[in-house]
Amino acid sequence: MAAMTTRSWWFYAVVALFYLGLISFGTRPVQCSVHEYNNEKFTQTGNAFFLYGGSEGLFASAPNSRGGVANGKSFISFDESLTLTRTNDSAHKILTEGSQIPVEAVIFELADKDNFGDSFDSTMERNLCCTRELAAVSGCEVGKVIIHHETDDSEWPKSITTYFQGSSSTARFKPEQVVIPRTGMYTLYFVFCEPDLEGTVLSGKTVWKNPGGYLPGRMTPYLNFYGIMSLAYLILGLVWFVQYVRYWRDILQLQNCITAVIALGMCEMALWYFDYNNFNSTGKRPIGITLWAVTFGAIKKTVSRLLILVVSMGYGVVLPTLGGLTSKVVLLGSAYFVAAELLDVMENVGTVNDASGSARLFLVLPVAVLDAFFILWIFTSLSKTLEKLQARRRFAKLELYRKFTNTLAIAVIAAVMWIGYELYFKATDKLSERWESAWVIPAFWIVFAFVILVTICFLWAPSQNSTRYAYSDELGDADDEEEAQAFTAGGPLVEVEKGLVKPEKNRKPVNTDVFSLDDDVEEDKRE
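Those letters in the sequence shown? Residues -32 to -1, 1 to 495, by mature numbering (1 follows the signal peptide of the UniProt record, and there is no 0).
By construction, these hints were calculated from the structure, which means they are not laboratory data.
Heads up, some of the hints might be wrong.
BS3-like cross-link-like pairs, simulated, lysine-lysine; straight-line CA separation at most 27 Å [to be verified]:
#1 K173 <-> K252
#2 K352 <-> K252
#3 K296 <-> K356
#4 K81 <-> K112
#5 K41 <-> K173
#6 K81 <-> K142
#7 K9 <-> K173
#8 K41 <-> K252
#9 K173 <-> K112
#10 K142 <-> K173
#11 K142 <-> K296
#12 K371 <-> K352
#13 K81 <-> K356
#14 K252 <-> K9
#15 K296 <-> K252
#16 K41 <-> K9
#17 K371 <-> K356
#18 K398 <-> K81
Can you make the complete structure from the sequences, with help from the hints?
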């Protein structure tokens, strides 16, 4: 007992120290929030050249600012390093002393998107730049971006202009902080109208900040969410640990796997909390910590699905080993881990903008297909396992598996309903107008996985009767006969009294190794 308890204590102590250390280390000093541009090129569209500078959900600034990061101020700040560089050919084309060619930074809220640019001709093509023909119609300034203000005293959409002076090859934006007056999804574009500036590149950075820190608006709720989920996993881990230590003599291999899933979940939630806390404080997503969070998450998702699959197959309860299915299970798990890792890396590593990319669709499909395959295999296996338990009159195990099956059935129905809602949400919100509530979509799946894990922990909680559910290759063991008595009509135990129960010396030991990787076991031997 001492050896087992010591190993358990060391395992949980290391996980707890790692877990609490990450949360406490997450409160570091702050620097700034950054959208970086590294010699980014402008793209021609219509009669303008533009460069996408970023898009974030920003909450309105509070009337009174405070100290610290969560000071109530919301702004987009132009750093002094923000520099435009044009080609030598472009600079030599304009030799007139005192000539100025404008380049504008346009900031607009999603509701003002129609006030940026205009269309006047029969093609209805949207023009961003004002020409002489357009100026005659709308009164815009030739050579500059077309911006319509809601009222004469309105500054939005906001335009900040710098100029290439004469034959100078560079132009700098002056440091400026644009205060956000109202909550919305804000987008920044850099635009110029002069064709001779083709080939111009932008370097430097802009700083975006919300009232509560540097997290983009869509990501802001995740900080508190992951803090709550970290606490939830910690509580679950402590409760499980108490039961684990209390009944360590009767622990099954399956329960060790559940322990591993809980530990992975604890580490994953702590890493995500640290990632978002660091992002909120510094404005940058450290690739290292985000990669660790993504990897722990992918491992946990994979192990959780494999755990449900092998439990559904009845290994350790109906059959002693995975046998010839081992390679298929490992192959499916490996494929899912790779697909989940790639998807999560694309979605999270280095991501600062609130806008979601279309490339996500190509990585979602493999994960969705593999999830569907998992569900199909799980319920097919459950059906066979229930039939075997019913035929062998293993009533305690049968009752356990019925509860497990009902749980999974409810989970699948809930998942399908939520997928339908998610598709509806995304189809009706292509411009991210409901960005403030978009965080609920991925958060649901995290809570969903946690609820399933809690249910499995409840069904397979360590107890003094844990081995009652373990595999035994004896056809008529005493436990099963006790189960039969509990589920049938009363009366004297005639068969037992006649000695139907085999002597203890003939009983074979219970096999608690659920996941023995013996590929060579034949089907008849496994059954």
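(message) Flag every earlier hint the structure violates by its number, smallest first.
(response) 2, 11, 13, 15 and 16
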